[in-house]
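**Q** Its first residue numbered 484, the sequence shown is counted upward by one per residue in the working numbering.
Please note: incorrect hints may appear among the correct ones.
[What the hints assert, rightly or not] With a straight-line Cα cutoff of 25 Å, these simulated DSS-like cross-link-like pairs (lysine-lysine) come out:
| hint | residue 1 | residue 2 |
| --- | --- | --- |
| 1 | Lys620 | Lys635 |
| 2 | Lys635 | Lys540 |
| 3 | Lys575 | Lys594 |
| 4 | Lys589 | Lys575 |
| 5 | Lys513 | Lys540 |
| 6 | Lys533 | Lys635 |
| 7 | Lys533 | Lys567 |
| 8 | Lys593 | Lys566 |
| 9 | Lys533 | Lys620 |
| 10 | Lys584 | Lys605 |
| 11 | Lys610 | Lys571 |
| 12 | Lys610 | Lys540 |
| 13 | Lys630 | Lys533 |
| 14 | Lys610 | Lys538 |
| 15 | Lys513 | Lys538 |
I should point out that these hints are in silico values taken from the structure, not numbers from a laboratory.
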Amino acid sequence: MAEFLEFLQNFQGGRPMKTFMASPDTIDRKWYVVDAEGKTLGRLASEIAKVLRGKHKPIFTPHMDTGDYVVVVNAEKITVSGKKLDQKIYYKHSGYVGGMKETTLKDMLKKHPERVVEYAVKGMLPKGPLGRQMYRKLFVYVGPDHKHAAQKPEALTF
484 MAEFLEFLQN FQGGRPMKTF MASPDTIDRK WYVVDAEGKT LGRLASEIAK
534 VLRGKHKPIF TPHMDTGDYV VVVNAEKITV SGKKLDQKIY YKHSGYVGGM
584 KETTLKDMLK KHPERVVEYA VKGMLPKGPL GRQMYRKLFV YVGPDHKHAA
634 QKPEALTF
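Modelling step: build the complete structure from the supplied sequences, incorporating the hints.
**A** Below, the structure is given as structure tokens:
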């Protein structure tokens, strides 16, 4: 045991190691743009969720929002595997008796294609105030144009 403690003392120039904890002033946020054309919905959503959480950074801290901003374009050109277009159903409830509404993925892609990506990513983020804060850094657009050119987003590929 004494040998192990001596090893720890000598490991970093005679100083004990310290765990890095991110704080708001140490977080550097970047802007990324993702083209969803031809990408599979779930695979794209999981990669976007990683970037929003900040898990791609070495300074990732679970209790801090260390993630970056993500802009998704061409949301209507996303693909899904199997029979999900007809079989995947989105549910919502008005709060009243008999207020359950159902929408298939095919109908959702026709009416609101950006919501499909938003719902998929939101489901992969933490639940609670921190997850809501991370979700606010996601911007999804139909078509190739977006209004975040001033932030000079970098292209993100996976």
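**Q** For the pair supplied as a hint, Lys610 and Lys540, is the alpha-carbon distance within the 25 Å limit?
**A** 21 Å, holds
**Q** For the pair supplied as a hint, Lys635 and Lys540, is the alpha-carbon distance within the 25 Å limit?
**A** Within the cut-off at roughly 20 Å; holds.
**Q** Check whether the Cα positions of Lys513 and Lys538 lie no farther apart than 25 Å.
**A** The hint holds at about 14 Å.
**Q** For the pair supplied as a hint, Lys575 and Lys594, confirm whether the alpha-carbon distance does not exceed 25 Å.
**A** Distance ~16 Å between Lys575 and Lys594 Cα, so the pair holds.
**Q** Are the Cα atoms of Lys630 and Lys533 separated by 25 Å or less?
**A** Holds - the C-alpha atoms of Lys533 and Lys630 are around 23 Å apart, at most 25 Å.
**Q** Hey, Lys533 versus Lys567, does the alpha-carbon distance stay inside 25 Å?
**A** 24 Å, holds
**Q** Given the hinted pair Lys533 and Lys635, is their Cα-Cα distance within 25 Å?
**A** 21 Å, holds
**Q** Below or equal to 25 Å on CA atoms is what counts here, so check Lys584 against Lys605.
**A** At roughly 20 Å apart (the allowed maximum being 25 Å), Lys605 and Lys584 satisfy the hint.
**Q** With the threshold set at 25 Å, check whether the alpha-carbon distance from Lys593 to Lys566 stays at or below it.
**A** Status holds; Cα separation ~16 Å.
**Q** Keeping to a limit of 25 Å between CA atoms, is the pair of Lys533 and Lys620 held or broken?
**A** Cα-Cα ~12 Å, so holds.
**Q** Please work out if Lys610 and Lys571 have their alpha carbons no farther apart than 25 Å.
**A** 22 Å, holds
**Q** Taking only the CA atoms, is the gap from Lys620 to Lys635 under or equal to 25 Å?
**A** Cα-Cα ~15 Å, so holds.
Checked against the numbered hints given earlier, the structure satisfies every one of them.
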